[in-house]
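Numbered according to this note's numbering, the sequence shown spans residues 3 to 340.
Derived by calculation from the structure, the hints in this document are not laboratory data. Check the hints yourself; a few may be wrong.
Unchecked claim - Computed beta-carbon distance windows for the label pairs:
hint, residue 1, residue 2, range
1, D274, R67, 28 to 36 Å
2, P27, P56, 16 to 24 Å
3, L206, R67, 23 to 31 Å
4, V23, E59, 29 to 37 Å
Think of the CB as a built atom: it goes at the ideal place given N, C-alpha and C, for glycine as much as any other residue.
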Amino acid sequence: MILLRSDGARIFVTALLVYAVFWNPWLQFSNSDNFVDAAVSLVDTGRWSLTRWPLYEGKDTATARDGRIVPGVPFGTALAIAPLYAVWRAAGGAPVDGWSGLEAVNAVAILLLCAPAMALTAVQVAWLAGWVGATRRGRLLAALLFALGTQAFQFGTMLTKESLTALAITSAVRLALGDGDAWRRTGAGVLTGLAVLLTHSAALLAPLLALVVLARDGARDAAAFVLGGLPLVAVLGAYDAWLFGAPWRTSYSAITGLSTRFAAPKAAIVADFVVGPRGGLFLYSPFLLAAPSGLAAAWRGVPPRGRTGSAPGTCSRRYRCWPRSRARRSSVRAVAHC
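Use the sequences and the hints to build the structure in full.
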């Protein structure tokens, strides 16, 4: 019980238990098929290719320039799964044979990778809420809202690349914004690079964080951030050049039977992404509307830990949750708990 004395531990355990209760062990997405097949094939054959793609009709697979069938999705998640299967085989476990074997690996990966990753991400969200000024109550509400009231719930109960990406991104932001030296900024760069290996669109975070670090901490720390991420960017470029002919040709451009090109975004697609009923960003995560205040605080370089009205559960001039002096003391204590 001593381990559960901190708020971070309580958030982690609560989210993890809920994810375990609603665990979805079935392979239902072609992305997950690719991840598991690539990991299993790498361990069994020592070669980077998909050997069981006919089981899922080759969905989301890519054709490399040498003709081999490889994942059409980022490779980072498959590499994270591979050690789990390697340990199983080293312990004398039977090799995967057929669809049921892939589903078994998928089920284990959810419990050992995705669920803990999303639970830890909720802890990071609590820290970030405290950084922008939330009291203890606000931090707990923000973490639980994120973990159980957004699409993070799905990411914690299924095998998705977004599970690991979310942890990498929030950890990178914490290292970039929190107190510390250039080594912490280097760590933020490394984690940002890992996020890009897991989900390529996370690259949009890199220049934003670099600008924030530059504005807050100066050129030295910004350079440390960039240097931390560059090796992983080089790895991604080398991978794409090896399999698809050029560093800028990602696996998405080589998805089997699919012709890809850049096009101007359509207003309807952008609107659906933001507020659409199937997966609109702000409908799934309405508290993200408070992000501008946090971004402004990050830019100024002074975390408003004693300020009011910055996150759920904090006090404001019009609506007081409890006396302001108590809120300030609570926020200071809350930051120490995570």
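- [ ] Starting from the hint 29 to 37 Å, judge whether the C-beta atoms of V23 and E59 obey it.
- [x] Between V23 and E59, where Cβ atoms are some 32 Å apart, the hint holds.
- [ ] Given the hint of 16 to 24 Å, check if P27 and P56 actually sit that far apart at their C-beta atoms.
- [x] Given a distance of about 22 Å, which is inside 16 to 24 Å, the answer is holds.
Open item on the list: The hint says 23 to 31 Å between L206 and R67; measuring C-beta to C-beta, is that right?
Closed with: holds, 28 Å
Open item on the list: Range first: 28 to 36 Å. Now tell me if the beta carbons of D274 and R67 are that far apart.
Closed with: holds, 34 Å
Consistency note: the structure conflicts with none of the earlier hints.
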